[in-house]
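Undergrad: Residues per chain are reported as follows:
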Amino acid sequence: MSWPEAADYDLVVQNPSLSFIDSELAGGHAQQNLMGFPKSFSGNFAIVYVIETWLSVKAVKCFIKEHSEQYRRYEAISECLARLQSPYFVEFEYILNGIKLKGGQYPVLKMDWVSGDLLYSYIEKNIADSAKLMFLAERWREMAVSLHRSGIAHGDLQHGNVIIHNEQIKLIDYDGMYVHALANLKATESGVRHFQHPSRSDQFGPYLDNFSHWIIYTTLVALSLDPSLWSKFNNDEPEFLLFKRSDFDAPHSSALLTCLRSHAEERLQKYAQFIEQLLRYELEHIPPLEPELPLSSKTVLWWAQNLPPKMTDWWLSAGPPTQPRPLSSKACATTSAMANGGNQGNNPATPSAGTSGATSSASVSGARASQASGKLPIQSTGQLPDWIVISNSGSGSTSAVTGVPGPGNSQAKGSVTNLASLQPTVTNQNPSAAAAKLISHYLNLASDPYLYVQSPAKLLMLTLSSFGAYACYFFLLIWLDLRARTHLNKLFSDPLDFVDFALLVKPLSQIRNEALYRRCSVDFNPAAVAAGLALYSLLILNLLWRCFVPCSDHIAKLQDFIFMDSLYIALALCLIPVQLVMNELSGLNKQELKERSLAFNTYDAVWPAWGLILVFAFMTQNH
Amino acid sequence: MTEQTYVAEISRRNPTCVVFLIDQSGSMMDPFGRTPGKVKAQGVADALNSLLQNLVLKCVNGNEIREYIYLSIVGYGGANASPALLGALKGKDIVSVGELAHNTARTDVVDDGNGGQAKRPVWFDAVGSGETPMKAAFEKARAIVADFLSGHQKCFPPIVINITDGIYTGEDPTSSAESIGRLSSEDGNVLLFNLHIADSAESPVHFPDNDAQLRDQYAKWLFNISSTLPAPFVQAAIAEGFSNISSTSRGFVYNGDFNSVVKFFNIGTDPARSDKRSVSVAG
Chain A
1 MSWPEAADYD
11 LVVQNPSLSF
21 IDSELAGGHA
31 QQNLMGFPKS
41 FSGNFAIVYV
51 IETWLSVKAV
61 KCFIKEHSEQ
71 YRRYEAISEC
81 LARLQSPYFV
91 EFEYILNGIK
101 LKGGQYPVLK
111 MDWVSGDLLY
121 SYIEKNIADS
131 AKLMFLAERW
141 REMAVSLHRS
151 GIAHGDLQHG
161 NVIIHNEQIK
171 LIDYDGMYVH
181 ALANLKATES
191 GVRHFQHPSR
201 SDQFGPYLDN
211 FSHWIIYTTL
221 VALSLDPSLW
231 SKFNNDEPEF
241 LLFKRSDFDA
251 PHSSALLTCL
261 RSHAEERLQK
271 YAQFIEQLLR
281 YELEHIPPLE
291 PELPLSSKTV
301 LWWAQNLPPK
311 MTDWWLSAGP
321 PTQPRPLSSK
331 ACATTSAMAN
341 GGNQGNNPAT
351 PSAGTSGATS
361 SASVSGARAS
371 QASGKLPIQS
381 TGQLPDWIVI
391 SNSGSGSTSA
401 VTGVPGPGNS
411 QAKGSVTNLA
421 SLQPTVTNQN
431 PSAAAAKLIS
441 HYLNLASDPY
451 LYVQSPAKLL
461 MLTLSSFGAY
471 ACYFFLLIWL
481 DLRARTHLNK
491 LFSDPLDFVD
501 FALLVKPLSQ
511 IRNEALYRRC
521 SVDFNPAAVA
531 AGLALYSLLI
541 LNLLWRCFVP
551 CSDHIAKLQD
561 FIFMDSLYIA
571 LALCLIPVQL
581 VMNELSGLNK
591 QELKERSLAF
601 NTYDAVWPAW
611 GLILVFAFMT
621 QNH
Chain B
1 MTEQTYVAEI
11 SRRNPTCVVF
21 LIDQSGSMMD
31 PFGRTPGKVK
41 AQGVADALNS
51 LLQNLVLKCV
61 NGNEIREYIY
71 LSIVGYGGAN
81 ASPALLGALK
91 GKDIVSVGEL
101 AHNTARTDVV
111 DDGNGGQAKR
121 PVWFDAVGSG
131 ETPMKAAFEK
141 ARAIVADFLS
151 GHQKCFPPIV
161 INITDGIYTG
171 EDPTSSAESI
181 GRLSSEDGNV
191 LLFNLHIADS
201 AESPVHFPDN
211 DAQLRDQYAK
221 WLFNISSTLP
231 APFVQAAIAE
241 GFSNISSTSR
251 GFVYNGDFNS
261 VVKFFNIGTD
271 PARSDKRSVS
281 VAG
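These protein sequence lines map, in sequence, to chains A and B. Position 79 (the first sequence) corresponds to 79 in this note's numbering; numbering is contiguous. Position 142 (the second sequence) corresponds to 142 in this note's numbering; numbering is contiguous.
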């Protein structure tokens, strides 16, 4: 198929009613540019026009070249994005016979138009606002985590494909996207080279964006900590931000990396080392930008120092703070340092982010680290930076948020305020979207290349935390049960009673009547038993699933956990009125009902209260 | 000079330059062999206007124009070779793509192919009279390119595209053509491509790697002064659907129809069209 030229499209989009098949587009008109011709944006494969319809503004992409398997790609990407409901993408529709031209019909991609600043101009506008840039950096990290968790990659992350709208990141241009359904294809493009790893060619996988994420995240953090880098290393050059291809091709002669390596900000020194290390990897092995660890304890560190380091085992390969693991070779040492760099980068609440303005020497930073990490003694080894402790320790994070004292700390306040609002990645979703997301999340787990198997420590912690959460859940049930019984003056000696109650095998009306209750151990309600068993089987399966399938990050796990459990409990709550009605219809005589009416009212008032509490918990935890 | 050539990025900081040499001799007003309803000059003008529009569109981003490329349109007919753009750009040796976008000679209202009317920019009209001073054209191109190179040593090598019906008049332009090919940027030598549009209805020859199938002596001559296609162009030509392209193919097309004229332009300027991306992935 020979594709039309840009000039051909330019002609026909002037008359949308004649050229577009889609009724919405056909009713619109093309925005004009200053030259009086249709406003357009060019890419390598396509030209995008802006069509204003009566309802909204659409971007219409017309193709001048074809990707291999273009239709299949867009179908798969569209299907995947619809399922994920990710806030970082806009909706689009691939219309196969979208536009009439020279007697033929050609596909178009209809997208929502996103207004806002492109990343470059956003940085340019806000270069003096460190807090804003740091905020964006952390938003970026959240996005990287979210994309990684979903197992998708954009494929061409660069400043021209990122729009900042109300401080929210939107990605555009999905031509090069990787989604699971396309796993057996090759990449259609290799991205803008100032943002891409030198080894990038036609590889195609969920790792595609990892290097670009590190580069852009580092850029944002670096500019936030030291805005003067912008004039020094960008200098109004519109093709890149800070890093350019020559920095990657020859890191040792790179002025930027040299500057960062010897920068007063310790964090930037680490990043420079870290990026140099990334350049030695193959593209497939670049680790993702990871979320911070929600669990922070000595256990993590213990595991960290007792597990052999692996390239992909990112956060666990960090060296211990107290007794550095003997490092056999220089390469190994730098690997550890990199891991630390990664962790540092991941943690939105690191003191250095908050106290950047104040910190200008390593000694200050070291003191801060000791203070922040509290009980853990710090021993700086030179090779293994001590702030790994901060990254992994809860006390460190707390100190950071509450504000580590620092002299002349002018910008810390703003940063900390923003950082405090950056609690990890709980995307606000409606329940159905969250459920869809959850399912896809589970489906994607098996192919998560980085976090699938390698961390017994992670696995153990997840398991323990799951059990812990379940213990809390059962405690809640028991407590409510006991409360109900106290209220009724019906405390029973048999400890199995409340288990029966929790399993809902006992009609409530029988519980209200002690005489009936004493019989109820043999007097099952089959429907309630079946429902109770089904419910609890689900819970147990869910628990097992959580224990034995590792997850790409713990926050997601907890988030899913809360969501699923809330769902189950909500289901249980739904069963209660059903059961009440059944019991009242079949169980008690009217006399008994009359006698017990007071008890009935007060007792059952507990249930809606419980329901309200859970609904509230569900809403807050998922927001 | 680096080992790899024709890999420089084409960017706003490092733009490149394309020179079109358009035969405007009297013979160009004869009908085109393969499309007898149209005179050669008109076909070339339409193709060139369309190409310029495509180049402008390639560099337009909303209301911003990215100056990736500088263009020179030189006509040669009659006594000498001179700038051929019309309107506000008349007489300019070289213009940026932004100047081009903002200064159309006029806007034609044409049939949009779907039964509607639409605007189309025009920069260049078909004209033709007198002799064919091709040597002067090559000299002019050489001067323009040398001037551009003096300010852009690192640029992607400029491209000179000569469109002619073959028969030059006056002095033999071979040495001037060769002197163009000896100019270079740090990224490689300047390229000279030739498009030979003939009066005959012979089947076209695209990017040949030898002159065996060319019977016309001027075609053979044009083949011989054409540069070998560098790797990115070979890829682009293959992507455009041309077969039998080898690493020794020359930047020469004999008697292509007007579609292939446009395609030839596209290939000749493809690296310039490759946006901000590396030319090694162009096509």
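Just to be clear, a hint being listed does not mean it is correct.
Unchecked claim - Computed spacing ranges between beta-carbons, pair by pair:
# : chain 1 : residue 1 : chain 2 : residue 2 : range
1 : B       : Asp147    : A       : Gln31     : 34 to 40 Å
2 : A       : Leu185    : B       : Lys220    : 32 to 38 Å
3 : B       : Ser175    : A       : Glu124    : 46 to 52 Å
4 : B       : Ala88     : A       : Gly104    : 50 to 56 Å
5 : B       : Lys92     : A       : Gln31     : 45 to 51 Å
Hints listed in this document are in silico derivations from the structure and should not be mistaken for laboratory results. Cβ atoms here follow ideal geometry from the backbone N, Cα and C, with glycine treated the same way.
Undergrad: Decide, hint by hint, whether the structure agrees.
TA: For each hint, the structure was consulted:
no. : hint                                 : result
1   : Asp147(B) with Gln31(A): 34 to 40 Å  : holds (38 Å)
2   : Leu185(A) with Lys220(B): 32 to 38 Å : violated (45 Å)
3   : Ser175(B) with Glu124(A): 46 to 52 Å : holds (50 Å)
4   : Ala88(B) with Gly104(A): 50 to 56 Å  : violated (36 Å)
5   : Lys92(B) with Gln31(A): 45 to 51 Å   : violated (30 Å)
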